[in-house]
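Colleague: Spelled out, the chains give:
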Amino acid sequence: MQKTLSATIAILVGGAVGQALLAWWSLPVLAALIALIFRLRPRPALLGGFLGGLLLWGGYAAVLNAQNDGILSARIGELFGGIGGPLLVLITGLFGAIFAALGAWTGSLARGDSGS
Amino acid sequence: MRQIRFFFALLLTTGLTILASLHQPLGSPLPAIGQFLSPFTGFWQNAERADKFPDENLVFPQLSAQSEALFDERGVPHIFAQSNDDAAFIQGYIHARDRLWQMDISVRATIGRLSEVMGERTLERDRLQRRKGLLWGAENALKKWMSSPEEAAIINAYCEGANAYINSLSPADYPIEFKLLGYAPEPWTPLHIAAFYKSMSEALCSRHEDIPATNARLLLGDSLFQVLYPEHNPKQSPIIPDVVQWDFNPLPLASSATGDSMLSSGATRTPFELPSPFIGSNNWAVSAEKTANGAPILCNDPHLQLRLPAVWYEVQMQTPEYNAYGVSFPGVPGIIIGFNKNMAWGVTNVGHDVLDWYRIDWANPEKTAYRIDGEEKPVREVVEVIQVKGRDEPLRDTVRYTVWGPVTYDDPEHPNHDMAMRWLAHDEPAEKPFYALGVFTRLMGGQGLSDYQMALRGWESPAQNFVFASKANDIAITVNGKLPLKEDQQGRFVQDGSRSASGWKGFIPHEHLPRVVNPERGFVSSANQRSTAPDYPYYYSGGFDDYRGRYINRRLAEMENITVEDMKALQLDSRSLKPEDALPVLLQLLDSTASELGAHERVKTLRNWDYNFTKDGEAPSLFEDWFEAAYAQAFDEFTVWEDSLEVLKPEDWRFIELLATQPGHAIFDHQSTPEVETAEEVVLMALKKALEQPPVSWAEHKSTDIGHMAMIPAFSRLDLDVGGYGDAPNAIKPDHGPSWRMVVELGEQPNAWGVFPGGPSGNPGSAFYDPMVTPWVEGQYNRLHLLDSPDDPAVKPLYRLTFKTAE
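If you're matching them up, the sequences are chains A and B in order.
Letter 33 of the first sequence, counting from 1, is numbered 33 in our numbering, and no numbers are missing.
Every number in our numbering is 1000 more than the matching position in the second sequence, counting from 1.
Fair warning: there could be bad hints in the mix.
Covered, in the sense of this in silico footprint (three residues per stretch, anywhere, with C-beta under 8 Å from a C-beta of chain B), are these stretches of chain A [unchecked claim]:
no.: 1; segment: 52-63
no.: 2; segment: 67-75
no.: 3; segment: 99-107
Partial selection, computed: residues in chain A whose CB lies under 7 Å from chain B [unchecked claim]:
no.: 4; residue: Gln19
no.: 5; residue: Ala20
no.: 6; residue: Trp24
no.: 7; residue: Trp25
no.: 8; residue: Ile37
no.: 9; residue: Glu78
no.: 10; residue: Gly81
no.: 11; residue: Thr92
no.: 12; residue: Phe95
no.: 13; residue: Ala110
One-sided excerpt, in silico: chain B residues whose CB lies under 10 Å from chain A [stated by the list, open to error]:
no.: 14; residue: Gln1003
no.: 15; residue: Asn1046
no.: 16; residue: Trp1136
no.: 17; residue: Asn1763
Since the hints were made in silico from the structure, they are not lab data.
The beta carbon of each residue, even a glycine, is placed where N, CA and C say it ideally should be.
All chains should be modelled from the sequences, with the hints used to inform the complete structure.
Modeller: Below you can see the structure in the form of structure tokens.
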């Protein structure tokens, strides 16, 4: 559990530093690397990646949305079929969560020696 | 087993990642969704802070001295610079910061480069823009502009400022439309500025009726044509009051029997849509004798396309040479409509026809040469290369240039219809000490009448009615620009391009342009009506307003002790002379049929109507439906022709006049019935049709939208609850209308008010994107603060940008 949490925090910190400079798909790559480094097994990797991605993308989107008084998310939500701003924050978070989870899972499976 | 799982996971993750990184994946309209959703690079980055506006220090060694821009509560920048070039640099920087995508897309749309970023769907449009020679016109203008050191310095400084901003951007900072469409901004160049000017020429002076008028004359015969299309409306109230005497000797015109050279055969379709006839504007100035405060007042409301981001950008610019406030076009330097402490100026469009079509007589089937006065001349072939997103190979299109201009239309299916476009806005400007940009520099720094008169010498196209008022209580208006010298009827119809004598005879000398200074009546005004009474010694035709100008002149003549509030009320006045002229005639014809519909409840509301197009009224809706139906019934011949041809339709005022004076005219006979109908039957049939529509408020009937430039509904303001009418001063149409309302009283200190339907920012994620739409709908104005210094206590700055030359 502690390893999972550490991985989550590592994704958060690494993402906060790197995501602004690198392409968005650096997120699954980062998660994979962290899973490898932390020697996570597949399930904790999935969980840690999911949480890390969710908090990183969802959290940051929530902050930006709050500072913006939700002006833009209301308009983009309308563009994507009339969903509200808060839902858009959630979707953003889930998107980050899924890709970080996938990355971390792939990373956890890359180690051939243990875990099964 | 584990390896298989790994490869499965790797494949799944990589596959989904690639899918989410593709622009328009699997043919969907979605942007690259991973990048777009990422709060680090995607749309969330466009969610501007609405709670804090920190000051910023910026360093640009290009500047000559430290400068400052403060942003007031409404987000309007007030620029304080030590030189005109520095001011242009900062204006370029701020325009790009607030309106970059609008700047980019406007120019792409003008010169035919949309397909580079939009793909196939805009290809035909791009092709047409190229064939219309917009880029050629821009290059011609720029050649001259850059030869003037003053002009070149401003242009270069503005571009440097815009590019300083553009170069500071990472993809995460791009305006949201770039992210949605998946492309990157490019540097802003002098050619972009010239191209933007050509977009204004395209919107304002590319109207042409030669082909539909030729068709109408062919189909109707000359005598009926003359009845239906008289050139002068006897009720017209021209811009230059008819008491003005022309104090010049007109240039003699060698007659070339143009009438004979006009086509007598070859009806055809126009190669491109006519620009919207809705484009019009009002401006006027009243002298101190007519105002309550004893200070002249100038007003202007240009009616352009209503869209978001708005066409205008409000700004104050101060340098040692000027201190002016007004509205600018994002993408070009200077203030177009505005005021300083000494004077104010504004513009409306001049409707003179400056685009004519010439039929080409090809010398060979390959169209490499054409005949003129019996001599063969080679065409200049220009291969337009249009890059198309999603295509490996660009589209190559050969455009043939003749002495007249580009052969816009050479559809191989209609070999006889090839026509060249002679358009004033293609021309290289005549040699002058300064050009378009210098005009506005001089107006911004103008002290009074002579500066205004001097400034206008630099302006060529699109011709504008420049209105003026000064603190010294001079008022003036000039129909200003380069206008072709034509003989009678020239350019009304398609002309024979095989004779050099069909060409324009030169240009009206600047000194002979219609103008008036301090007329006795105490006001000057324009609303796109004819420039002059018929006694003006030069022939001109074109598209002219028939109602707003008359109404405004009538009201201004009546008014005394005028206040700023009175002037706002006149800009917001939705009463129209069109129903005032038409409705009594319609009702009288209806009553003479003795139909019971004359007593219909809804007709009663029409009888009591004050011709005011208020948003809640139902009478305006019924009037409009009735009038439109009557017009369509009367000119039912045209609907048959219109399937295959563009045919010019008579003007509304002439239709009303015929209803009133010749109700038995053959034009009122309905083609599909054996009986012979008169105006009475037409009016009755039309009313029945109009009454089939359920009663609706005028706002709903008219349905005004301010659409986003990329037609994204979520970024638009739709179905506004607003009144107004195209033929009333408050000319709000479905998608055109007063794009800026300004009232300036030139007292000791200018007392200025203004509003436009939008906001400073072009970012839909900004609190400053559209805050003025609702006040505009409600007829409110903002106080315009012309500050003396960056520390002027008249405004409370929201934040400041300090532009330093070094760290």
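Colleague: Each hint: holds or not?
Modeller: Hint check:
1. Only when three residues or more bring their CB closer than 8 Å to a CB of chain B does the claim for the segment 52-63 of chain A stand; here the count is 3, and the claim holds.
2. With 7 residues carrying a beta carbon less than 8 Å from a beta carbon of chain B, the segment 67-75 of chain A meets the three-residue requirement, and the given coverage holds.
3. A stretch counts as covered by a chain when three or more of its residues have a beta carbon under 8 Å from one of that chain; for the segment 99-107 of chain A and chain B the count is 5, and the coverage holds.
4. Taking 7 Å as the C-beta cut-off, the interface hint given for Gln19 of chain A holds, the closest approach to chain B being about 4 Å.
5. At about 5 Å, the closest approach between the beta carbon of Ala20 of chain A and any beta carbon in chain B falls short of 7 Å, and the interface hint on this residue holds.
6. Because the beta carbon of Trp24 of chain A sits about 4 Å from the nearest beta carbon in chain B, less than 7 Å, this interface hint is met.
7. A distance limit of 7 Å between C-beta atoms decides the matter here; for Trp25 of chain A the minimum to chain B is near 5 Å, and the interface restraint holds.
8. Residue-level restraint check for Ile37 of chain A is violated (minimum Cβ-Cβ distance to chain B is 17 Å; threshold 7 Å).
9. Restraint check, Glu78 of chain A versus chain B: the minimum CB separation of about 4 Å is within 7 Å; hint holds.
10. Contact between Gly81 of chain A and chain B, as hinted, is not supported at the beta carbon level, the nearest pair being about 10 Å apart and thus beyond 7 Å.
11. With 7 Å as the threshold, the beta carbon of Thr92 of chain A comes within range of chain B, its nearest partner Cβ sitting at about 5 Å, so the hint holds.
12. With its C-beta approaching chain B no nearer than about 5 Å, Phe95 of chain A sits inside the 7 Å limit, and its interface hint holds.
13. Satisfaction of the interface hint for Ala110 of chain A is found here, the shortest Cβ-Cβ separation to chain B being roughly 6 Å, below the 7 Å cut-off.
14. Because the smallest distance between the Cβ of Gln1003 of chain B and any Cβ of chain A comes to about 7 Å, under 10 Å, the interface hint for this residue holds.
15. Hint status for Asn1046 of chain B: holds, given a least beta-carbon distance of 6 Å to chain A, under 10 Å.
16. This hint is violated: Trp1136 of chain B has a C-beta 38 Å from the nearest C-beta of chain A, more than the 10 Å allowed.
17. Given hint, Asn1763 of chain B at the interface with chain A, holds; its Cβ is 8 Å from that chain's nearest Cβ, closer than 10 Å.
Checked against the numbered hints given earlier, this structure breaks hints 8, 10, 16; the rest are met.
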